[in-house]
Amino acid sequence: MSFPLLTVTAALPAVGAIATAAVPAAGRVAAKWLALAVSLATLVLAGVVFARFDPGGDRYQLTESHAWIADFGVRYELGVDGIGAALIGLTALLIPFIVLAGWRDADVPDAEAGDTRGRRWRPTQGFFALILMVEAMVIISFAATDVFLFYIFFEAMLIPMYFLIGGFGDRAHASSEDEAAKQRSYAAVKFLLYNLAGGLIMLAAVVGLYAATADQLGEGTFSLARIAEARASGELELATNTERLLFLGFFLAFAVKAPLWPLHTWLPNAMGESTAPVAVLITAVVDKVGTFAMLRFCLGLFPEASSWATPVILVLAVISVIYGALLAIAQRDIKRLIAYASISHFGFIVMGIFAMTSQGQSGATLYMVNHGISTAALLLVAGFLISRRGSRLIADYGGVQKVAPVLAGTFLVGGLATLSLPGLAPFVSEFLVLVGTFSRYPVIGIVATLGIVLAALYVLVLYQRTMTGPLKAGLEKMPDLRLRELAVAGPLIALLLFLGFYPKPLTDVVNPAVEHTLSDVEKTDPKPDVPVTAHDAEAAK
Amino acid sequence: MSPVNYLYLASLLFTIGAAGVLIRRNSIVVFMCVELMLNACNLAFVAFSRMHGNLDGQIMAFFTMVVAAAEVVVGLAIIVMLFRSRHSASVDDASLMKL
Amino acid sequence: MSHVATVHSLWTISADAPAAILAPDIEYMQLLPVLIVIGAAVVGIMLEAFLPRRARYYAQVMLTLVALAASFAAVVGLAASGHATEKAQIAGMGALAVDGPALFLQGTIALVAIVSVLTFAERRLDPAAHGNRVDSFAAQGAATPGGVAEQQAVKAGFTTTEVFPILLFAVAGMLVFPAANDLLTLFIALEVFSLPLYVLCALARRQRLLSQEAALKYFLLGAFSSAFLLFGVALLYGYAGTVTYGGIAEVVSGDLQRVDPAVAATMGNDALLLIGGALVIMGLLFKVGAVPFHMWTPDVYQGAPTPVTGFMAAATKVAAFGALLRLLYVVLPGLRWDWRPVMWGVVIVTMLVGAIVAVTQTDVKRLLAYSSVAHAGFILAGVIATTPSGISSVLFYLLAYSFVTLGAFAVVTLVRDAGGEATHLSKWVGLGRRSPLVAAVFAVFLLAFAGIPLTSGFAGKFAVFKAAAEGGAGTLVVVGVAASAIAAFFYIRVIVLMFWNEPKPEGPTVAVPSALTSTAIAIGVVVTVVLGVAPQYFLDLAGQAGVFVR
Amino acid sequence: MENLIGLLVAAPLLGAAVLLCGGKRLDRAGHWLGTALAAASFVIGVVLFADMLGRDGEERALHSHVFSWIPVEGFQADVAFQLDQLSMTFVLLISGVGTLIHLYSVGYMEHDARRRRFFGYLNLFLAAMLLLVLADNYLLLYAGWEGVGLASYLLIGFWQHKPSAATAAKKAFIVNRVGDMGLSIAIMLMFTTFGTFAFEPVLAGAGETSEGMLTAIGLMLLLAACGKSAQVPLQSWLGDAMEGPTPVSALIHAATMVTAGVYLITRSGAVFNGAPDAQLVVTIVGAVTLIFGAIVGCAKDDIKKALAGSTMSQIGYMVLAAGLGPIGYVFAIMHLVTHGFFKAGLFLGAGSVMHGMNDEVDMRKYGGLRKYMPVTFVTFGLGYLAIIGFPGLSGFWSKDKIIEAAFAKGGTEGWILGGVALLGAAITAYYMTRVMLMTFFGEPRWKRDASGAVAGASPQRPDVEPVAENAADADTAHPATGAAAEPHPHESPKSMTIPMIVLAFGSVFAGGLFSLNSSFVHWLEPVTGHDHGHSPLSAAAVTSATVVVLLTGVALAWAQYGRRPVPVLAPRGSLLTRAARRDLLQDDFNHVALVKPGEYLTRGLVYVDAKAVDGAVNGTAAAFGGLSGRMRKVQNGFVRSYAVSMFGGTAVLIAATLLMRAV
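Residue numbers (the numbering used here), protein chains in the order written: chain A, 2 to 542; chain B, 2 to 100; chain C, 14 to 563; chain D, 69 to 731.
Possibly wrong hints are sitting among the right ones.
[To be verified] Using 20 Å as the maximum straight-line C-alpha spacing, the simulated EDC-like pairs for lysine to aspartate or glutamate come out as follows:
id: 1; chain 1: B; residue 1: 99; chain 2: C; residue 2: 376
id: 2; chain 1: C; residue 1: 517; chain 2: A; residue 2: 178
id: 3; chain 1: A; residue 1: 524; chain 2: A; residue 2: 178
id: 4; chain 1: A; residue 1: 403; chain 2: D; residue 2: 180
id: 5; chain 1: A; residue 1: 528; chain 2: D; residue 2: 276
[Stated by the list, open to error] To give an idea of the chain A side of the interface with chain C (calculated C-beta under 7 Å), a few residues:
id: 6; residue: 72
id: 7; residue: 186
id: 8; residue: 193
id: 9; residue: 197
id: 10; residue: 495
It is worth saying that the hints were derived from the structure and are not from the lab. Please read these numbers as outputs of a predicted model, since none were measured by experiment. All C-beta atoms, glycine included, are put in the ideal place defined by N, C-alpha and C.
Build out the structure end to end from the sequences listed, making use of the hints.
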């Protein structure tokens with residue numbers, strides 16, 4: 002029995018969360034440092050996972066398997082393939098920045114701190130504890146190789162997220178505190194109900210999967226390995242309609258999470274009302290579980306149905322790409338703008354996944370990572386900006402670069418990453434996705450390419466309105482980035498540049514996993530019309 | 002006379018009792034209707050017992066009487082208590098809780 | 014002609030000496046759980062009669078707890094000695110079945126009762142009246158609300174310690190109910206636990222008018238339904254010539270060994286069977302609160318003293334579902350194709366109505382009442398799966414659900430304002446700010462109700478849905494999922510207003526409970542989490558217990 | 069040697085990184101560091117050039133594979149360089165001119181507080197541009213392509229506090245993005261067709277695929293070229309790009325970046341050769357643009373915008389030439405190089421003028437400056453002669469060849485294209501003469517401080533408004549210089565004049581040098597290929613025709629601006645003039661055709677998102693609420709109605725059971 006690395010990686014933040022929550026009200030600062038320390042320790046562990054993962058090795062590595070709920074055919078089975086490893090790395094990487102960026106977001110206003118209920122009411126501890134709890138659950142769901150285990154945490158993570166969104170909205174709201182509270186709880190409830198509804202549909206599908214396996218294999222099972230093996234040996238033959246229904250059940254849940262048009266409307270509210278770090282947590286970490294699950298479960302469990310649904314899904318994806326971008330252009334609220342931009346990007350990811358080409362899927366996986374980092378950079382800097390002025394409206398800003406050049410600069414880099422400028426990480430993934438899609442579905446690919454123009458539009462318009470031009474009244478005193486904030490923005494940008502020029506470390510890990518997935522769905526890349534001799538020569542050597 | 006007729010009678014009584022419960026307002030009367038239904042059941046038991054030629058049905062009837070008695074004890078207590086606090090025995094007045 | 018002869022032999026004394034009546038032999042050990050409770054109840058009445066008033070409270074509480082604990086121990090003993098499985102048998106001249114489901118449910122009921130007693134005995138919540146600590150029961154049930162008698166009773170520091178023996182009687186009835194092996198026992202048990210509940214409902218200390226109204230409604234409707242049940246019994250008797258489950262089942266499935274020819278002539282009329290079966294099922298559906306027989310639930314839950322509500326909501330459901338299971342699986346399996354479609358309808362309507370109507374409720378107790386209706390629907394989905402996993406899933410769900418319910422109602426007793434418990438939701442606004450712990454605990458229970466993973470609610474829901482799916486009732490699963498989605502909405506609503514709406518200055522206070530209620534709530538939380546995270550052991554238990562003796 | 073190639077890019081990149089991240093402490097020496105690094109890469113370029121000359125024709129190309137960039141199954145994008153004659157030409161041009169302009173900027177940006185960042189951006193541009201021309205595959209080229217776009221965005225908008233500058237920068241980037249879309253689609257097409265997008269295999273395999281595919285690729289590449297090289301229909305950004313500091317206009321928007329399109333087309337020669345239709349489109353675009361730009365150039369009173377118009381039209385020449393195929397490639401590049409010299413020189417001259425005139429850009433407020441800034445006058449003059457193609461100077465050699473080639477295309481096309489080219493030459497002569505006269509000859513029109521009065525008077529005059537606006541912006545641009553004070557024209561410092569002189573030499577001799585026994589042709593032939601088409605007109609005839617038309621152009625301009633004094637306020641002018649002042653209504657067109665509809669679309673979608681998509685969900689929720697509200701009414705509190713429901717329920721139960729048995 003080898004050392005249960007994955008379990009520990011996931012358990013550490015969970016334990017840390019409990020510890021953080023237990024810190025008495027007086028020790029707010031201590032709680033913050035504790036949370037930061039835990040998140041960094043987790044990052045180290047994730048680094049170990051990433052290092053221990055051998056691209057040339059088995060499909061799933063660092064596996065653990067224990068009996069759990071025999072009656073439900075559920076086992077506690079963990080294991081990472083390249084995709085999982087990459088995303089666990091991303092999660093562990095972003096959390097410290099999120100913690101650091103949210104350092105002051107949950108401080109009790111002095112007004113409340115004094116009064117008696119300050120004694121019991123400890124929002125700061127709660128805030129960081131919840132973040133760590135989310136991290137733990139996300140990591141488990143990236144590592145789960147048992148459908149039920151995944152489902153449990155896929156659903157459970159909604160609760161801490163729900164409290165993060167509803168409980169800690171940013172104070173930067175136009176109207177009164179009451180109004181803000183209303184908006185917040187509306188956003189939080191919307192988030193939860195959308196995802197819960199999706200999850201419940203998935204529950205039906207999960208039950209159905211159990212029934213199917215129990216019916217054909219004698220005992221019901223949720224283990225990916227077992228199912229794959231049974232399918233390979235022909236023990237398990239899902240009837241076409243059954244498979245399609247089950248697929249839809251799973252896909253809907255993931256499409257809500259991911260969010261795919263037209264199931265996206267919860268995202269702008271959620272991201273708009275929550276603080277920037279939480280918004281990052283939503284879009285950069287939690288939503289990735291959705292796209293990740295499409296790749297691992299939809300394609301892995303229901304290959305035929307996946308190819309059956311591909312055309313429709315691709316159309317929805319490309320609609321998301323364009324639709325999200327157009328709506329982003331029209332937004333007046335910085336965070337909502339970024340939210341719609343994310344919708345557009347998730348469209349790209351889904352497109353890449355269902356293009357069923359190795360470029361597309363590698364691109365999609367890289368996209369998940371890169372989008373996480375770039376959105377984090379952009380959104381966190383935007384958060385710093387918002388916290389300075391106390392408003393999310395673009396119209397309240399202007400000429401910031403004059404007083405806060407560094408802030409403006411980092412913001413611009415984040416924006417350029419969002420419009421996927423070559424040299425920054427997202428370009429690599431976006432181009433791979435486009436090529437991958439184009440090589441099988443040219444029309445879709447071309448339409449999606451429009452997205453890169455629209456992206457330039459919304460990013461640059463945002464930058465122009467907020468950062469350039471004459472200085473808006475009231476911003477004269479705006480301070481530039483503080484050290485803590487630089488510590489957040491700097492590394493992220495460095496990472497964007499590094500991965501933009503040298504994504505090899507990631508691609509090496511991801512490629513084999515993608516090959517496995519493609520073999521699941523029994524798809525091969527379309528061959529070029531003209532096999533160029535020179536190219537073949539290159540490939541040979 | 003065939004015992005089956007007693008069954009018809011029992012059903013009739015049962016129906017009358019049920020109808021009474023549905024249409025009468027006075028809680029005492031409603032309660033009496035319930036008792037009537039129970040007695041209809043007794044009649045049915047006895048009739049069946051007669052048809053089957055075994056005693057189970059009659060034993061059932063005895064138990065039912067006891068139960069009915071017990072119900073009276075509890076039921077009347079409740080009704081009287083309510084009457085004392087409201088000065089009304091109408092079941093329709095007891096409708097504070099709704100929706 | 015022979016027909017007349019037999020009739021004649023019934024009441025004419027024949028010349029030869031009557032056969033000696035041999036005394037029945039009762040397996041007292043197997044009946045111990047029930048006997049202990051009944052005995053204790055009787056003793057309790059005695060205590061009321063003879064003990065001085067001051068001493069009664071403690072004596073009663075001790076007696077009740079001990080009795081219930083002993084009863085539970087007896088159940089465990091029986092199960093351990095294999096009566097749940099290979100030594101399962103019919104006891105008491107065929108009156109009671111001692112088998113897996115019976116013991117499992119009896120154990121559950123005993124535990125539920127113990128926890129309820131803790132909440133019954135709580136005396137810290139209400140402010141002391143004239144220096145006497147008071148519990149949530151009327152000083153003197155008979156005294157008119159607000160009348161002189163009542164004031165005197167309060168001044169004298171009377172408390173209705175009778176509730177404990179009454180509770181014990183109810184428990185006794187409930188222990189018998191799921192074990193009842195003939196329709197007579199079924200009916201008697203039904204009445205034995207219903208009548209005490211009617212009384213308990215009427216004994217609230219605050220808002221006595223509501224309490225009495227609840228009692229009246231519960232009583233009238235209960236009596237009404239039991240009359241139906243009884244008529245059903247009569248018809249089944251008419252159909253089969255016997256009231257034992259085994260006997261009826263034989264007639265239904267048509268394999269008759271020991272039926273005397275006389276009866277054979279007059280039985281087997283399917284109309285009687287179908288109508289009778291429908292009536293009996295209706296009587297049980299009333300107890301579990303399935304639509305359209307659910308309408309008593311909200312009013313009674315709201316009016317009854319909250320500890321009683323908790324007890325009813327948990328224990329009654331357990332007992333009634335136990336009886337329903339036995340009836341459907343032992344007596345009427347031969348009729349599956351007749352009652353299943355009908356039950357489908359009931360299940361769907363119950364799940365949907367419960368969930369939908371709850372959306373607009375404004376009173377916590379009524380909200381929980383409707384949610385209990387919805388849950389009844391979920392459990393029924395498992396009941397009609399007609400597979401072994403169906404039985405075990407229902408048993409597990411009942412265990413999980415009853416403790417969540419107890420915990421939830423226990424929390425409700427803590428939130429109070431001048432007029433006693435503040436059950437209106439508007440009073441709960443901002444609770445999370447004032448006392449995060451209580452709010453958090455309640456949130457846990459709500460999430461369990463909503464079936465969020467890692468809570469017992471999820472495990473149970475998955476178990477029954479799984480059973481239903483295996484039973485080929487995929488449609489029910491889908492409807493159930495839809496209902497859960499709707500239900501989620503109002504659970505979430507409560508959480509929202511507890512945590513994110515600014516507390517109002519005249520908001521409620523949270524009474525600090527004594528160890529009793531605290532224990533009750535703690536148990537609730539622990540069971541909820543344990544059954545959510547590591548349900549396997551209990552699933553095994555339910556699985557082993559999943560076979561009826563016949 | 070191969071390893072040096074990487075350094076070409078690395079040096080300026082390093083400079084950019086250091087200068088942008090370095091912070092305040094670099095403010096003092098930063099600009100020199102930037103210049104030094106630019107010079108460094110020029111030196112390396114020269115070394116490599118010498119080395120390349122050491123080898124003969126075919127073996128001159130160098131390859132260097134640095135590292136594997138995006139390795140994905142079936143998709144191998146490498147960071148690898150290819151240095152052949154074509155790239156080498158660009159390397160020298162870019163790093164050479166680039167270095168000079170760095171030097172120039174040291175003086176020009178002296179008073180700007182953010183000079184360090186300016187040099188950072190310049191270095192960034194050099195790095196990206198060199199990457200663009202050195203890449204050995206289209207994807208890496210794409211990276212450089214967007215890199216220069218970014219640099220140009222940053223530099224156009226360098227004075228971000230001017231809304232006009234910020235807008236211009238944004239416009240430039242977005243219009244370029246449209247072109248980039250074309251490039252990325254082209255790359256995808258190549259990938260699906262050839263399974264790769266490295267130059268060698270693609271160009272080698274071009275023959276093996278269908279003409280239709282080649283045409284598609286070619287058109288997409290053309291779209292890219294249009295965006296980057298400001299060709300119709302994506303030309304609208306170049307005029308506004310003049311918002312940037314003048315050195316930027318000289319380097320990026322005259323000498324190097326805007327010519328990237330020509331590079332792309334020439335580089336992809338093999339593709340275009342296989343797709344005549346695509347080539348035809350290329351020539352048409354070139355022809356249209358060269359007239360378009362020329363006309364705009366005639367009407368502008370803003371000296372930089374006038375020059376911008378001329379840039380557009382000159383690039384039109386190059387694109388036209390490139391569209392002609394092997395006949396034209398060499399001359400396109402040759403004109404590109406010569407143009408690089410003289411246009412950069414002209415811009416620097418303009419900059420120097422503005423430097424002396426409080427950043428006044430309105431030529432109507434110049435006049436008679438030759439006395440005050442002799443060096444500027446001379447260098448500018450030489451540039452002027454070069455661009456109008458005065459016999460003997462650079463422009464003459466390259467432009468003349470292009471016109472010949474155009475005629476050599478043969479057939480009606482040949483005649484039309486040739487005619488257009490000639491006409492362009494005439495107009496070029498006209499507007500450049502106009503600039504020359506208005507700036508350096510005639511009465512000084514800046515003596516009395518009229519700028520305030522004029523600026524104040526101008527708003528009623530929509531046609532001159534842009535001028536006044538720019539003047540105002542230019543004033544705010546340099547906080548150091550007083551706004552409306554009377555200018556004291558003076559010669560610029562050495563750091564500015566030296567580059568101008570060097571470039572002037574280039575614009576005089578480069579053309580001749582290249583044409584000596586057509587050395588340039590032989591230099592490039594191995595890469596681009598070359599064939600001498602047979603022109604219907606003799607070379608002599610073309611040449612003389614050219615000379616004639618340019619003389620007429622000069623004469624016309626003299627008649628209009630030389631003999632009579634130039635009015636300080638622009639006359640209303642003919643319809644065409646007014647249209648030309650508004651860049652021939654290109655922006656108005658875009659506004660009506662794209663911007664407005666876009667706004668309506670997005671607004672509409674916002675409504676849809678809120679009402680339809682979101683509304684559907686909220687509607688469902690509300691529906692359940694209403695349903696619930698209605699259903700709870702049944703719970704009316706009356707025990708008897710409860711009993712009724714029970715009774716009814718039982719009845720249904722029984723009925724249903726019996727029914728089940730019946731069926």
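Outcome of the hint check:
1. 99/B with 376/C: holds, 11 Å
2. 517/C with 178/A: It holds: about 15 Å lies between the C-alpha atoms, which stays within 20 Å.
3. 524/A with 178/A: At roughly 54 Å apart (the allowed maximum being 20 Å), residue 178/A and residue 524/A break the hint.
4. 403/A with 180/D: holds, 14 Å
5. 528/A with 276/D: Satisfied, since the Cα-Cα distance of roughly 15 Å is no more than 20 Å.
6. 72: holds, 4 Å
7. 186: Given a least distance of 5 Å, the restraint on residue 186/A holds.
8. 193: holds, 6 Å
9. 197: With Cβ-Cβ at 5 Å, under 7 Å, it holds.
10. 495: violated, 38 Å
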